[in-house]
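A.B. asks: Residue numbers (the numbering used here), protein chains in the order written: chain A, 1 to 357; chain B, 358 to 622.
Hints are not guaranteed to be accurate.
[Unchecked claim] Partner residues aside, some chain B positions facing chain A, computed with beta carbon under 7 Å:
1. L518
2. F522
3. A527
4. S528
5. P547
6. R593
[To be verified] Listed next, with one range per pair, are the computed distances between beta-carbon atoms:
7. S177(A) / V373(B): 58 to 64 Å
8. V376(B) / S177(A): 38 to 44 Å
9. R141(A) / R533(B): 24 to 30 Å
10. W534(B) / P40(A): 35 to 41 Å
11. R533(B) / P73(A): 18 to 24 Å
12. H262(A) / R516(B): 55 to 61 Å
13. P40(A) / R533(B): 31 to 37 Å
14. R533(B) / A75(A): 20 to 26 Å
15. L398(B) / R141(A): 43 to 49 Å
16. R141(A) / V487(B): 49 to 55 Å
17. D616(B) / R116(A): 32 to 38 Å
18. V439(B) / P73(A): 18 to 24 Å
Since the hints were made in silico from the structure, they are not lab data.
The beta carbon of each residue, even a glycine, is placed where N, CA and C say it ideally should be.
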Amino acid sequence: MVEGAVTSGLDARCVVRRGEFRLDAAVRIEGGETVAVLGPNGSGKTTLVEALAGLIPLDAGRILLDGRVLDDPAAGVFVPPEGRRVGVVFQDYLLFPHLSVFENVAFGPRSQGRSRTEVRHRTRFWLERLDVADLGGRRPRDLSGGQRQRVALARALASGPALLLLDEPFAAVDASSRVQLRRALRDHLDGFEGPRLLITHDPTDAFLLADRIFVLQDGSVVQSGTADDIRLRPRTRYVADLVGTNFWLGEASDGMVSVGGHHLSVADRGMAGPVFVTVHPRAVAVYRRRPEGSPRNTWETVIVRIEHHGDRVRLQTGAPLPLTAEVTPGAVSALGLGAGSKVWVSVKATEIGVESA
Amino acid sequence: MRGSRRALRPPWPLAVAAVVGLALFVLPLAGLLLRVPWRDLVGLLTSEVTVDALRLSAVTSTAATVIAAVLGVPVAWVLARVEFPGRSLVRGLVLLPLVLPPVVGGAALLFAFGRRGPFGEPLYRLTGLVLPFSVAGVVLAVTFVSMPFLIVTVEGALRSLDPRFEGAAASLGAGRWTVFRRVTLPMVGPSLLSGMVLTWARALGEFGATVTFAGNLAGRTQTLPLAVFVQLEADRDAALALSLVMVVISLIVLVALRDRWWKAP
Numbered sequence: 001m002v003e004g005a006v007t008s009g010l011d012a013r014c015v016v017r018r019g020e021f022r023l024d025a026a027v028r029i030e031g032g033e034t035v036a037v038l039g040p041n042g043s044g045k046t047t048l049v050e051a052l053a054g055l056i057p058l059d060a061g062r063i064l065l066d067g068r069v070l071d072d073p074a075a076g077v078f079v080p081p082e083g084r085r086v087g088v089v090f091q092d093y094l095l096f097p098h099l100s101v102f103e104n105v106a107f108g109p110r111s112q113g114r115s116r117t118e119v120r121h122r123t124r125f126w127l128e129r130l131d132v133a134d135l136g137g138r139r140p141r142d143l144s145g146g147q148r149q150r151v152a153l154a155r156a157l158a159s160g161p162a163l164l165l166l167d168e169p170f171a172a173v174d175a176s177s178r179v180q181l182r183r184a185l186r187d188h189l190d191g192f193e194g195p196r197l198l199i200t201h202d203p204t205d206a207f208l209l210a211d212r213i214f215v216l217q218d219g220s221v222v223q224s225g226t227a228d229d230i231r232l233r234p235r236t237r238y239v240a241d242l243v244g245t246n247f248w249l250g251e252a253s254d255g256m257v258s259v260g261g262h263h264l265s266v267a268d269r270g271m272a273g274p275v276f277v278t279v280h281p282r283a284v285a286v287y288r289r290r291p292e293g294s295p296r297n298t299w300e301t302v303i304v305r306i307e308h309h310g311d312r313v314r315l316q317t318g319a320p321l322p323l324t325a326e327v328t329p330g331a332v333s334a335l336g337l338g339a340g341s342k343v344w345v346s347v348k349a350t351e352i353g354v355e356s357a
Numbered sequence: 358m359r360g361s362r363r364a365l366r367p368p369w370p371l372a373v374a375a376v377v378g379l380a381l382f383v384l385p386l387a388g389l390l391l392r393v394p395w396r397d398l399v400g401l402l403t404s405e406v407t408v409d410a411l412r413l414s415a416v417t418s419t420a421a422t423v424i425a426a427v428l429g430v431p432v433a434w435v436l437a438r439v440e441f442p443g444r445s446l447v448r449g450l451v452l453l454p455l456v457l458p459p460v461v462g463g464a465a466l467l468f469a470f471g472r473r474g475p476f477g478e479p480l481y482r483l484t485g486l487v488l489p490f491s492v493a494g495v496v497l498a499v500t501f502v503s504m505p506f507l508i509v510t511v512e513g514a515l516r517s518l519d520p521r522f523e524g525a526a527a528s529l530g531a532g533r534w535t536v537f538r539r540v541t542l543p544m545v546g547p548s549l550l551s552g553m554v555l556t557w558a559r560a561l562g563e564f565g566a567t568v569t570f571a572g573n574l575a576g577r578t579q580t581l582p583l584a585v586f587v588q589l590e591a592d593r594d595a596a597l598a599l600s601l602v603m604v605v606i607s608l609i610v611l612v613a614l615r616d617r618w619w620k621a622p
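All chains, please: the whole structure from these sequences, using the hints.
C.D. replies: Quick look at the structure:
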């Protein structure tokens, strides 16, 4: 890229050394695009957030946001956090405990020296936008996890950021409200036009909220692409373990889920309407001949690809419902499996995860 | 806590020592309270010497507390947040007045800020200000002795404050001064307040540095503790009344800080 060329979005290569640990990650995000950085604890996710927000300086690389250089150690440029216009929803939200919800959201506009009326106007707008207008007088400690998350998002957006960073936005939320919050967050993110970076260790967050996914491991991006790219073609064993779960959108009714016209029998009979369906590759059994037994979901298909990952083999099957199965190398040779082999697969109804969408 | 019955009965050597130890605190206070001339109390407390000492102590302790807050918070901030060579040396220097005999502190002040001292002389030439044996001298002496309490308290609070709150404020567009003013300071507010109460209490009780640096001029530099000392010779009842005042103030300070010190385990 030409030096100083004006482009929209984020274009960053972040190199940060911390003792033994070294983060070296390149990320590009267009305006209106959500990119998830997926990785386990200690992979460097939070370091990446801190570097982009300007809370720690880069050791090498460069951060370019809408054509502005925010950090470039080689050129001696470092824009401090208050000059970056990078909004952050922090892991545990970090709402100021001594300020009311209203004052928390007003903090950004006020710090930017806007007029009193403008601050009030802007704050009200974002409180309403995130459905927390009625909480304005409360203290953060009196809010539920979900309310805190929305206030934190309102606070970040009210400061008028050019880039939005969300660091594990569901970490402080109990599992039961996660589904609903995820949907709400997706709607709220749609209202932000700049690039959005979502940090998470949960593949489901990444699949549902992000357009593209970067998998971070030990400070490096080991794979990037769309959810399907990564899910169906994990490049390493680690990525396969992390994101290699079969994942579909379906429609549930009467203990059945329809996924692209294919019907699966599921254990939860109470589900109805749109659902996310997950099946772990280890839960898929593969046979040469039609099996007889308890599994309610059995169908004939063909193997389209075989990948060896050490002591496990991942099989990709074709129509009617493409999925990934994980078996041992021994099973592959005993059954004589290869690309093009006709097989029967089966999945127990109890092994199918169904979550309302 | 409700423990087992055994835990309630201490071994007798401990029990005896504990009783003696407590007596060490209780007996002097009891002796004081037994001798207080309750009937003449009002008259004693409104005498000129007493009122002067009370007023001077209130003014100088409060002034010292304000100065300690204005100057001590920045010192605490630097010690807690800025990494520089010799930081532990500087911290030691700041804490020195806590362990230094106050008389020595007063002597040091006298050598430095006396009219012929290396700092006192230019100060006198430039402003005509003479610190020793003046009210300003009292304030300087008690500030010297009491400010470490504020610095220690605030520095501890700054260290335990999650610095990510300040990062969050900066990411919202707040400059460093705004972050300090609107996030850091309010978040350490409770500690600052209790540091100020401690500082004020220590300033009020200051004796050695004050008498050495500012002297003991009735109506001018004679603070409450100095008045108590002098009145023990001149007018025992007045000394008792003044002592009672200081006991009451100390109790009020203890109650004010109860959340900090008395938190039941």
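A.B. asks: Which earlier hints can't be squared with this structure?
C.D. replies: Going through the list in order, the structure violates hints 1, 5, 6, 8 and respects the others.
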